[in-house]
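Chains as they are written, first to last, in our numbering: chain A, 3 to 342; chain B, 3 to 342; chain C, 3 to 342; chain D, 3 to 342.
These aren't lab readings, by the way, just hints derived from the structure by calculation. Keep in mind that the hints are not guaranteed to be accurate.
Copies of one chain are not kept apart here, so a pair can be met inside one copy or by any two copies together.
Under the rule of at most 27 Å between Cα atoms (straight-line distance), these lysine-lysine pairs were calculated in the DSS-like manner [to be verified]:
id, residue 1, residue 2
1, K65, K265
2, K265, K59
3, K324, K13
4, K265, K148
5, K121, K59
6, K13, K29
There are 4 protein chains.
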Amino acid sequence: MIIILKNDSQKEDVDRLVRFIEAQELKINEVDGTDRRLLCIIGHTYNLDIDILKSFKCVADVKRIDEPYNLVSRENHRDDTVITLTEAAVKTQIGTGLTFIAGPCSIESEEQINSIARKVAEYGAGILRGGAYKPRSSPYSFQGLKNEGLRMLADAGKSVGLPTISELTEISQLEYFDDIDIIQIGARNMQNYELLKEIGAVKKPVLLKRGLSATISELLMSAEYIISSGNPNVILCERGIRTFETATRNTLDLSAIPLLKLKTHLPVVVDPSHATGIEELVSPMALAAAAAGAHGIMLEVNDNPEQALCDGQQCISTEAFKTIVEKSKAIVELIGGSKH
Amino acid sequence: MIIILKNDSQKEDVDRLVRFIEAQELKINEVDGTDRRLLCIIGHTYNLDIDILKSFKCVADVKRIDEPYNLVSRENHRDDTVITLTEAAVKTQIGTGLTFIAGPCSIESEEQINSIARKVAEYGAGILRGGAYKPRSSPYSFQGLKNEGLRMLADAGKSVGLPTISELTEISQLEYFDDIDIIQIGARNMQNYELLKEIGAVKKPVLLKRGLSATISELLMSAEYIISSGNPNVILCERGIRTFETATRNTLDLSAIPLLKLKTHLPVVVDPSHATGIEELVSPMALAAAAAGAHGIMLEVNDNPEQALCDGQQCISTEAFKTIVEKSKAIVELIGGSKH
Amino acid sequence: MIIILKNDSQKEDVDRLVRFIEAQELKINEVDGTDRRLLCIIGHTYNLDIDILKSFKCVADVKRIDEPYNLVSRENHRDDTVITLTEAAVKTQIGTGLTFIAGPCSIESEEQINSIARKVAEYGAGILRGGAYKPRSSPYSFQGLKNEGLRMLADAGKSVGLPTISELTEISQLEYFDDIDIIQIGARNMQNYELLKEIGAVKKPVLLKRGLSATISELLMSAEYIISSGNPNVILCERGIRTFETATRNTLDLSAIPLLKLKTHLPVVVDPSHATGIEELVSPMALAAAAAGAHGIMLEVNDNPEQALCDGQQCISTEAFKTIVEKSKAIVELIGGSKH
Amino acid sequence: MIIILKNDSQKEDVDRLVRFIEAQELKINEVDGTDRRLLCIIGHTYNLDIDILKSFKCVADVKRIDEPYNLVSRENHRDDTVITLTEAAVKTQIGTGLTFIAGPCSIESEEQINSIARKVAEYGAGILRGGAYKPRSSPYSFQGLKNEGLRMLADAGKSVGLPTISELTEISQLEYFDDIDIIQIGARNMQNYELLKEIGAVKKPVLLKRGLSATISELLMSAEYIISSGNPNVILCERGIRTFETATRNTLDLSAIPLLKLKTHLPVVVDPSHATGIEELVSPMALAAAAAGAHGIMLEVNDNPEQALCDGQQCISTEAFKTIVEKSKAIVELIGGSKH
């Protein structure tokens, strides 16, 4: 970490800053430039609060050299984290190879989820997804079947031998997730720190979606919240960021895949359905995610999108899902696993 | 609302769509263009789910003509909403004239909050602010004094006769807000819909901050969540949006003030401290907010920013606050109130 | 196109608007909604100036249903445009299969460009690239070898039998492009309309890079400028857009590939080198572009990046290039050409 | 400037880097951190090419401490640059007090420009504006009256005693600007470096508009191009940046005013008309710009916007202009000039 001192800073102010830093068992190397004086802080600075440093009267600016996270960092944990879902009939892993997470946007009935579950299981899904608590931007939109939906999802998963995932939008819902294998934290809750801390107390794997305007570094900081609260089983999910472009719902940032794999040991999953919001774009983006090295691809699959109570315009059919699985697996084999 | 049909759509698919729309007591006017067929939907469409419409097989695209909100809309509520905080010794109103919300970023001690409270009250603040539950991007940063901090804030407010405001980050904290007059919902929780619904059940005024990447329309939809859940006392707060520019922490969107005043009857407040993150920019942006017609300005004020446990770099002194109040009030008088 | 009338509009104002539209041989269908009156304009509206419509006193808003372009549109030209560079020893095509455009960021010497040219030709490049006129954000940075560089590039291309491409930054440079096969228009000139019109008068193929903050629609409008000025040989290039994320130089928008292929018949090329600015990300993003259906991939290749006078941090070696070509071609074969 | 070395870098590679830096008469201070080795470069580094540094094999990253510009910097030129237009009957200055630049978006006829010129001169404009070469996103839109329009503008300016400004979109138009007092470079040409260099050879004042996605630093770099080419008379113009928000055409970044005034000595002007694209927002944003300390406000004024051939929806009437001038001048007096 580099602290740039103000040109007119007083010796006593700088001394106070130096004492503050040294009290945290960090060393300082002072550099006198032509126009500037710098303090280079030596040691582990991830837990140093940059805002407090900037509040010192003598500080003009602070530049981080090291990352502001620790537990999620690849530097401290060279091997990939692989999460194994042992309770399922089929042993599913995320973090090695390519895992498919598939199912409807919303769970709407027993019949609907069972029918989709059978097909995606047959066609190669490793995990069954389905929304029960739906965060909707309008209070007048369908908000999901809630705990009843979760029960249907768990039953469907068991009947086809697949582990399940669903989104939790408030900690009070946790009791209904007993039979769900992975808890999803949605993009709009990525910086709901209270929720992250509480999820950190749960031992269940968590799929953490990147916020609409969250940087890669902020996504990792949110994962750091969960892990530092006790839960190391975090899966990261790129699902599109908000940009000026409105032709797609969001802009899918596939470069996040190789970048995250450089910076962290956690598995990286991609959701091309929500990101694009356009059915015709889902397949090319899924294949691209496979080619870019994703550990998982999350897809909205529904054979009857016209009855879908949300997001039907981006659903793919089970037949389209089958083709994506086949081509993606061939791509992964061809490029030599999820490594390049 | 305009529905654009696919060129190759089947009669039975269009009929099904028409029945769906008519079942919601809306009328349809069909228009045959050269290359396109359109359905113009006539009636109140704010509660029509655009995603469901798009899921119909025959639909190519949907364009809203009316806004997706109702209760917050200026069209249905011509007069400005004015919120009065009657319990305070000084009667404070938001929604008419210009109200100052001032205090430290974080409450750190009785002495600190009392000392600041005395000065901001003397210099023209209408509401005392102070953070107790702090949402911080790093789990290693100071997270606030929590309920103890809220107590200090309430006491300080009472001793100087000012109503108080503080941020609530999870509904379970609500019991500690009994003596706090306004509940703040932070930018990162603006789309935490569960929290919005629960806050809607509380009768206390709510200051809702615009999310980092939330559009004006989404901010209004979040306010609609609160009002439709039963609480009409919502204050909107522009606090900077995330853009590509990194020279300021966020980009303060002052055009949101007159735009929101066109679209909604709710009061509009601006927070130039968080938005810019640079002390020297706070005063010009506060005066600009006053000139743009804001109903309130929210400022981080602290006479000893070097001891501030967060965001010291954007704190202004009580003396600077005094000058801003004087100049802002003169500007408002000059431009003829908060109307242009 | 839908025109939303103001609620209080006068009959004579609406009549004037109606006459204006009808004078352009367009028909109007009026729709009376509950709160709004709409005019649906029927006919080809791409050349209708939306700004002029909005200037009419009675107009509240205008929504496009049809695209604002014509010549570039897939609707009017179903077959893919394939550009053939016949003058080269090797017949290179863009718009069918997958074409590699490779070479150094900047041409620095005869020796450098010849050495790279030999290797990329051997390893599968279809076109040789090299910068001669370099648009640099600092006036103090190396600005390229200019016309001398172009001559070296043309010679190198001829000696290895590859057509060549280089960026033109001002129309006065055109005379030096006689022996260059494709003219590149850079991202910062994508909306330099004077240049686009002049390039439209040239018959040579043009590779048009998407501007840093240009929408897909604006990119197509810029291509429309070139084609409507007489030059139909336009290649589109996605090279990353500017977003809030700073971990990569820009955010590569790979969804632009399938989206552009839906909307236009023009070939779509991707430049993962500039977009990411990080060597380790170039290969995964190149393979992802192939999987997403790109017609071409443009890469900075340089065996001695340390001597590179610009952008060395994103250069890949000729060996890395060889591997990318092999894997990408296998991916294209696997997914069944550039179609999905 | 701080260079972060790769952990595994070889001594000979670091030595080569050190020699490269020292050859540029800069000193190096090496700092050994716990996990990192840093080189702190001491001296004037604005002309050091960060891309070349990053291309060295041993370099992991480079962080600038000093700004990448020199001539535009406030550090090297403490006093505000004030530009005086002496040829006009009325002596107009930009860079002190508040100057109004007003006129139609497009010049459409002698009658139109003369009529507007008379009124804006009477109501307090310091400079007459009018577009003759119009950069339009569609090739089918009105492109301006070109040199004929410039002549009308110059005549109108002379007849009312006001200096004039118009946009130049290509250097070949320069001959027609003989009687125009200020050359405007539009947002889409802000990084057209060839044009900037050529404009640098002209002695006439230049108003440089910020690009749609240009950072403050990039705007200053473009000004540095002009000044380093010989023309010190540069006026900067904030005109809105592109963000995710679509309710306004662009997002007017008023914080750019005080920020630019900290960083540079050049005058700062704001254009609220183009930025918002909404007539009702122009006045509040103009007053806000005055309150934020702008040196100038640029406004589209037209008494008959319905006949406007472009951008009529954001035009204000001459009466509205009169009110803005009066209120803005009162605000500037109140806040104590353009300083805070």
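Consistency of the hints with the structure:
1. K65 <-> K265: Cα proximity of K65 and K265: in one copy and across copies (19 Å, 19 Å).
2. K265 <-> K59: Only across copies: K265 and K59 sit 20 Å apart there, 34 Å inside one copy, limit 27 Å.
3. K324 <-> K13: neither (69 Å within a copy, 30 Å between copies)
4. K265 <-> K148: Close neither inside one copy (36 Å) nor across copies (33 Å); limit 27 Å.
5. K121 <-> K59: between (64 Å within a copy, 22 Å between copies)
6. K13 <-> K29: both (18 Å within a copy, 25 Å between copies)
In summary, the numbered hints that this structure violates are 3 and 4.
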